[in-house]
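Assemble the whole structure, with the sequences as input and the hints as a guide.
Protein chains in written order, with the numbering used here: chain A, 3 to 435; chain B, 2 to 320.
For the record, the hints were derived by calculation from the structure and aren't laboratory data.
Be a bit skeptical, because a hint or two may be false.
Claimed, not checked - Each computed DMTMM-like pair below joins lysine to aspartate or glutamate, with the alpha-carbon atoms no more than 20 angstroms apart:
(1) A:K183 x A:E169
(2) B:K97 x A:E418
(3) A:K253 x B:D71
(4) A:K430 x B:D71
(5) A:K408 x B:D181
(6) A:K430 x B:E87
(7) A:K375 x A:D359
(8) A:K425 x B:D92
(9) A:K430 x B:D92
(10) A:K313 x B:D92
(11) A:K247 x B:D73
(12) A:K375 x A:E169
(13) A:K425 x B:E87
Unchecked claim - Restraint-style ranges between C-beta atoms, simulated for each label pair:
(14) B:T55 x A:P192: 50 to 60 angstroms
(15) A:V76 x B:I107: 21 to 31 angstroms
(16) B:H76 x A:P73: 20 to 30 angstroms
(17) A:A187 x B:T152: 26 to 36 angstroms
(18) B:I61 x A:E418: 33 to 43 angstroms
Even glycine gets a Cβ: it sits at the ideal position worked out from N, Cα and C.
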Amino acid sequence: MIKTRMVALVLALMLLTWGVLWAGGGQEPTANEDGGFTLRIALSGVGQFEAQIAAFEKLNPKANVEVIDVPWGVEAGRDLRERQLLMISSGDIPDIGAMIWGKEFFREGVIMDLTDDIKKWEEFDGFTAGMLERMTYNNRIYAATIYPCAVMLHYNKDILAQIGRAEPPKTMAELADIGAKIDAAGVRAPNGNKVYAMVFEGGNWHTDCFFWANGGEQMTKDYSKTLIDSPESIGAFRWMQNMVKNGYAPKPDGTYDQLWLNNQVAFFAVGAWEEKPSRDAGLNFGAVPIPVGQTGKNYASMGGTELAIFKASTHKQEAMEFMRLFYRKDLQLTAVTEGKTTLPISKPLFDDPDFQDYWTSQNNLDYYMAQKKQWESTKYNFLEAPFVYPEASKIYASALERVLVKLEDPEKIMKEAAEVINKGIAQKMNVKK
Amino acid sequence: MENRNSQFAGDLIEKKPTVHGMARRSAIVGSRMLNHDHLFIFVVMAPMVLFFATFFYYPILKNIYLIFFDYDYLHPPTYIGLANLERFFHDPVVLKVFLNTITVTIVSVPLLIVLSLVVSVGVYRLRIAQTAIRSIIFSTFLTTWIVAGITFKFLFNPELGFVNAFLHRLGIGAVPWLTDPFWAMAAAIMLGIWKFLGYFMVIFLAALYNVDPQLYEAAKIDGANSLQQFFYVTIPAIKPAMVFVSIVAVINYLRFYQQILILTGGGPYRSTETILMYMFDLGIKSRDVGYASTISLALFVVIFLASQIQIRVTKAYSN
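Set out below in structure tokens:
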């Protein structure tokens with residue numbers, strides 16, 4: 003009898019709990035009767051947004067910006083994306099989301115089409131082709147890119163000086179020649195360790211610039227098929243593998259910029275975010291656009307974050323107003339001079355006297371002019387966070403490791419990887435249809 | 002007459018309580034007490050019941066429910082029957098990541114038990130600075146996985162890590178930590194042992210302090226040397242602690258995740274990827290919640306079976 007009562011009690015408590023949770027779920031009202039409203043933003047690193055939030059609240063005295071600040075996560079914004087997914091599935095949807103998975107969300111119909119609005123912005127002409135590629139899906143603009151940043155070739159001036167060179171390479175062939183010279187000269191770092199010419203750390207962000215330069219492509223134009231096994235791509239993978247085989251580059255071990263920061267590598271293909279750590283490490287360094295390959299062209303991954311508006315938002319106009327603040331010159335200048343970010347968002351601002359004066363005062367005008375130059379030839383890094391068949395990024399990363407660490411035949415490995423990726427994409431696309 | 006008798010009988014019952022009457026009275030009092038007990042139990046249990054119902058039982062039930070559905074967070078779940086289970090038995094990656102996880106577990110758990118037992122006996126026998134040394138060894142357990150993972154990554158860096166520099170001084174060639182599947186797995190195992198050693202040492206120490214000193218005295222009188230005392234007195238006496246440690250260690254290692262994620266990211270070429278990493282990737286990155294739930298249930302079954310086997314084997318061994 004007592005047992006029965008206790009079981010009934012426990013069950014009643016469980017039901018009560020779920021009832022309370024059920025009733026308590028859902029979205030809080032975000033508009034008040036006095037015209038005040040709350041704009042909710044799910045982002046990562048609120049420091050980069052503070053100036054815009056303050057400006058927005060100043061322009062809209064009745065507005066309150068509520069920030070849901072989530073750590074970015076170990077790979078491709080994993081933690082922030084997870085939080086946004088959970089918010090969507092629980093019905094507690096913010097107005098704006100910072101993301102690099104906008105194509106996925108737009109394809110799934112959870113964020114708004116902003117084409118007509120953004121095309122009317124006078125800042126629209128300042129978007130580069132690489133930025134537009136990031137914020138577009140099926141010719142529709144679904145977001146605005148902020149904090150764009152392209153990979154460029156960083157070089158260590160002291161190491162080059164040891165082989166009697168002042169200029170960094172302009173071609174991939176030249177880069178390999180420098181590797182041979184460094185190896186032959188037996189250049190050593192201050193800590194006595196071997197110096198390498200190049201390092202392929204950090205995943206495909208730091209390698210794909212070479213197969214683009216070689217005429218390779220990650221994907222077909224409609225992203226339905228990968229081309230990592232094309233002859234041009236294979237040629238570039240072979241070039242990278244030979245750099246490792248010849249001892250011009252170490253096997254990637256996941257320690258990212260450690261060799262670069264320890265004066266143990268002459269070149270590192272990396273974004274402008276590496277400028278401050280390099281300076282802090284006391285490196286004597288510079289940066290130039292990525293060397294050209296057999297096509298005579300160079301390309302780099304265009305990074306950044308997109309701001310998109312969720313379809314459930316009832317504050318579209320206010321959200322658009324907030325997003326546009328990121329393109330205001332005074333706020334961009336403040337963000338750069340206060341160290342909240344390294345680059346302006348609008349390309350024309352690279353030529354703005356205020357920005358140039360600031361960079362000159364910091365002795366790194368050339369560095370940022372190289373970034374400006376690289377912005378002219380960038381590509382969207384689909385395989386960083388594929389919006390169809392997300393496993394593709396892991397399959398590709400694993401194939402890259404087999405080529406650069408296990409030193410297996412690039413053609414065989416990339417064909418195998420491409421087959422699995424293409425099969426996965428086809429399956430996902432069929433499900434969607 | 003009958004009424005009088007009845008009344009008389011009633012008086013008797015009132016004045017001289019029978020066994021039956023006592024039972025009834027105690028039942029009434031007991032019932033009141035039971036109500037009070039009920040209230041007390043209700044108050045005491047409510048928070049934990051609510052906690053477990055919300056964070057354990059509901060997710061488990063939901064997990065089982067989702068196995069039969071295709072769910073991606075963004076659309077309502079679609080019933081797909083046993084498709085996820087069928088996929089589970091044909092997925093080559095599942096086999097690979099389960100094997101990685103089991104390898105880590107099989108190598109780490111015995112190593113960890115032996116090492117922590119040896120260290121705990123050593124600390125137990127210390128006559129000076131015992132508390133300080135115990136605290137130093139235990140402090141590794143207080144380090145977060147992220148800090149420990151990043152530190153080990155730098156230590157094992159093949160080019161400029163401390164470990165290879167040390168080996169170089171000993172005249173040993175560079176070990177390809179993190180770039181070779183075998184050595185990457187070894188580094189992950191070392192990280193796990195470094196982290197858990199202090200925790201298990203404390204458990205063994207607590208067990209050692211509870212061993213009756215008279216047992217050692219008796220063993221000494223019987224002529225047992227130190228090694229014999231250890232195997233015939235200490236080990237049997239701390240067996241419950243060993244069972245506890247082995248079960249906890251197996252569960253922890255089957256759920257090996259953060260340390261691998263930070264140290265190797267599952268690489269090189271997925272050679273150190275564990276079942277939990279694969280499950281999270283499917284559930285979050287690929288939004289394949291139904292299939293991730295299937296893997297989660299499979300992991301639960303494996304952990305449950307492993308624990309049961311350990312308990313039964315230990316019991317059989319004891320008998």
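Here is what the structure says about each hint:
no.: 1; hint: A:K183 x A:E169; verdict: 14 angstroms, holds
no.: 2; hint: B:K97 x A:E418; verdict: 17 angstroms, holds
no.: 3; hint: A:K253 x B:D71; verdict: 40 angstroms, violated
no.: 4; hint: A:K430 x B:D71; verdict: 13 angstroms, holds
no.: 5; hint: A:K408 x B:D181; verdict: 8 angstroms, holds
no.: 6; hint: A:K430 x B:E87; verdict: 18 angstroms, holds
no.: 7; hint: A:K375 x A:D359; verdict: 18 angstroms, holds
no.: 8; hint: A:K425 x B:D92; verdict: 14 angstroms, holds
no.: 9; hint: A:K430 x B:D92; verdict: 17 angstroms, holds
no.: 10; hint: A:K313 x B:D92; verdict: 36 angstroms, violated
no.: 11; hint: A:K247 x B:D73; verdict: 43 angstroms, violated
no.: 12; hint: A:K375 x A:E169; verdict: 17 angstroms, holds
no.: 13; hint: A:K425 x B:E87; verdict: 18 angstroms, holds
no.: 14; hint: B:T55 x A:P192: 50 to 60 angstroms; verdict: 57 angstroms, holds
no.: 15; hint: A:V76 x B:I107: 21 to 31 angstroms; verdict: 27 angstroms, holds
no.: 16; hint: B:H76 x A:P73: 20 to 30 angstroms; verdict: 27 angstroms, holds
no.: 17; hint: A:A187 x B:T152: 26 to 36 angstroms; verdict: 34 angstroms, holds
no.: 18; hint: B:I61 x A:E418: 33 to 43 angstroms; verdict: 38 angstroms, holds
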